[in-house]
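*Asks:* Each protein sequence line maps, in turn, to chains A and B.
Counting from 14, one number per residue, gives the positions in the first sequence under the numbering used here.
Counting from 567, one number per residue, gives the positions in the second sequence under the numbering used here.
Honestly, the hints are just simulated from the structure, not real lab data.
Take these hints with a grain of salt, some might be off.
[As the list claims (entries may be wrong)] A few chain B residues facing chain A, derived, Cβ under 10 Å: (1) Gly625; (2) Leu631; (3) Cys632; (4) Arg633; (5) Phe640; (6) Phe646; (7) Tyr653; (8) Met656; (9) Gly658; (10) Ala661; (11) Asp664; (12) Ala669; (13) Ala671; (14) Ala708; (15) Thr709; (16) Lys712.
Computed from a predicted structure; not experimentally measured.
Beta carbons: idealized from backbone N, C-alpha and C, even for Gly.
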Amino acid sequence: MTPQSFKKTGLALLVLTALALPLILRSPTYLHILIMLYLYAYMTTTWNLVGGFAGVLPLGHSVFVGIGAYTSTVLWLQWGISPWIGMLVGGCLAGFVAYLIGKPTLKMRGAYFALATMAFVEGVRVIVENVDQLGPFKLNGPRGLNIPPLPAGEGSLLAFQFATKEPYYYIILFMLMGVVYLTWRLSRSKLGYSLSAGGEEPEAAEALGVNVAKCKVTAMVLSAFLTALAGTFLAQMTLFIYPKSVLTLDLSFELAFIALIGGRGSLAGPIIGALMLRPVTEFSRIYLSATLPGMHLILLGVILIVVMLYQPRGLSEPLTRLFNRLQDRICSTKTGGAK
Amino acid sequence: MDFGGLRAIDSLSLSIDEGQILGLIGPNGAGKSTAFNCVAGVYRPTSGEIWFDGANITGAKPWDLCRAGLARTFQIVKPFASKTVLYNVMVGAFARTDKTDEAEAIALDILKSLHLDHKKDFKSGALTIADRKRLEIARAMATKPKLLLLDEVMAGLRPTEVDEMIDVFRTVRDSGVTIFVIEHIMRAIMALSDELVVIQFGRKISEGKPEAVAKDENVIKAYLGDEYVAS
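For reference, chain A alone in the conformation it holds in the complex (with noise of 0.2 Å):
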């Protein structure tokens, strides 16, 4: 067996193990439990398209989930436009926004960068909480937007609702490897060596005709577009938004804690920090958010602070190692020891 087959059959392996999930757990919570490690997944590789190849830390992704939910929750409730037309303007919207900010904060240190993503998501999380109307949109403030649920039973895919969990978990499940194949797909393609080389040493990457700004501001753009994605899928999960569920700092802090534990501009970064720290925040909301609400963030930091003095690439990278060792070890033995 050589190594690319070795990592086909692997790769092949854990997807169908994923799809064939819900036929073996057929609770509705674990398949919850996983749709929700899915979607952190999901919106932490797409955080990683900025924050792991462009090389800055966008602390203030959240905004772009908060737009997606927004949008195609306030077309559907006010317009009766099906969520999943309300998912790709969102997108849209939020890939301008992404553009607008983009522009201006691109151009910024590294953390004055996270500084004024923090300060935008913020901005717009008070706006949202303070006012009814926008407009013509019915934001509703801080009660937030209530989807009516379909009858009990009933589900219908033009209105992106479901009466059991699993096309949920499929839906989350095809979104999630659709991102991780295009970050692939984007590593080995000319805009992803651009990124990554002005993420590393800009300079040098001017001098060897990148346009360093450029490319970062189109990261940002496509990474936005995609998050909001993920807010839609999350409106229709949850059926409930509100500015603190959707356009806040945890949020975003989240995603930064799991794609740095995880391994920052890897791939499998986001699923490895995810499934290690959604437990910590289910957990802990469970059983502490009565005394100590917001203790999961406590802890998310104590654990980044351990990684960063350990292991400060994250943890993808000794992962990576072991399973490069396992698979010499398999295909030394198929093949009699020759490598």
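Got chain A; can you put chain B on it based on the hints?
*Replies:* Chain B in isolation, oriented as in the chain A frame:
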């Protein structure tokens, strides 16, 4: 070129012919790096113009200069340290193509001509300083420049490495690239340059063939002081 109240370069006029190697030398603080950076698009000259291949490139952005065929290296080398040698050169190659396999082919070609291909999968941060300098040139060559600006490439190299680098220069020149080089290592620049320009305190004090410049009184005075002028 003025930096606030300091005039770093005063009425400097340079020209390079295609296929030439032009060396710019002068004592420390003469303004060589400033002149270099004006040409490379890092500084916009406060007065004066820069023309390349029939076009006015004064104040053009570095990436546009690269597209136009003007490449540069950095005195303090800037490899993409976390990436492989091949990756580094491919970034340069992408200046001329959009396809990844084409960029890879161009990069491998350049690496072979500069004898770095056996190290193509090494992490560039782990290379020796001599190899890093070679990589710096390889990267710039991958952008298929017409003019290559080399900024003190020999600095920090041992004598044998300097000899190897002289060979690299010759390979570059033989491939048809014009070279503008700033250097302090005299034997290298004397051996390589077709023409030399000497500046001191931001002004040109001599220019011409290396042998003539070496005998020029003004040049000797600038480097060694009045007492050393042969009478």
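*Asks:* Taking the hints in turn, state whether each one holds.
*Replies:* Now the hints, each set against the structure:
no.	hint	verdict
1	Gly625	violated (14 Å)
2	Leu631	holds (8 Å)
3	Cys632	holds (4 Å)
4	Arg633	holds (6 Å)
5	Phe640	holds (7 Å)
6	Phe646	holds (5 Å)
7	Tyr653	holds (7 Å)
8	Met656	holds (6 Å)
9	Gly658	holds (5 Å)
10	Ala661	holds (3 Å)
11	Asp664	holds (5 Å)
12	Ala669	holds (7 Å)
13	Ala671	violated (14 Å)
14	Ala708	holds (8 Å)
15	Thr709	holds (6 Å)
16	Lys712	violated (14 Å)
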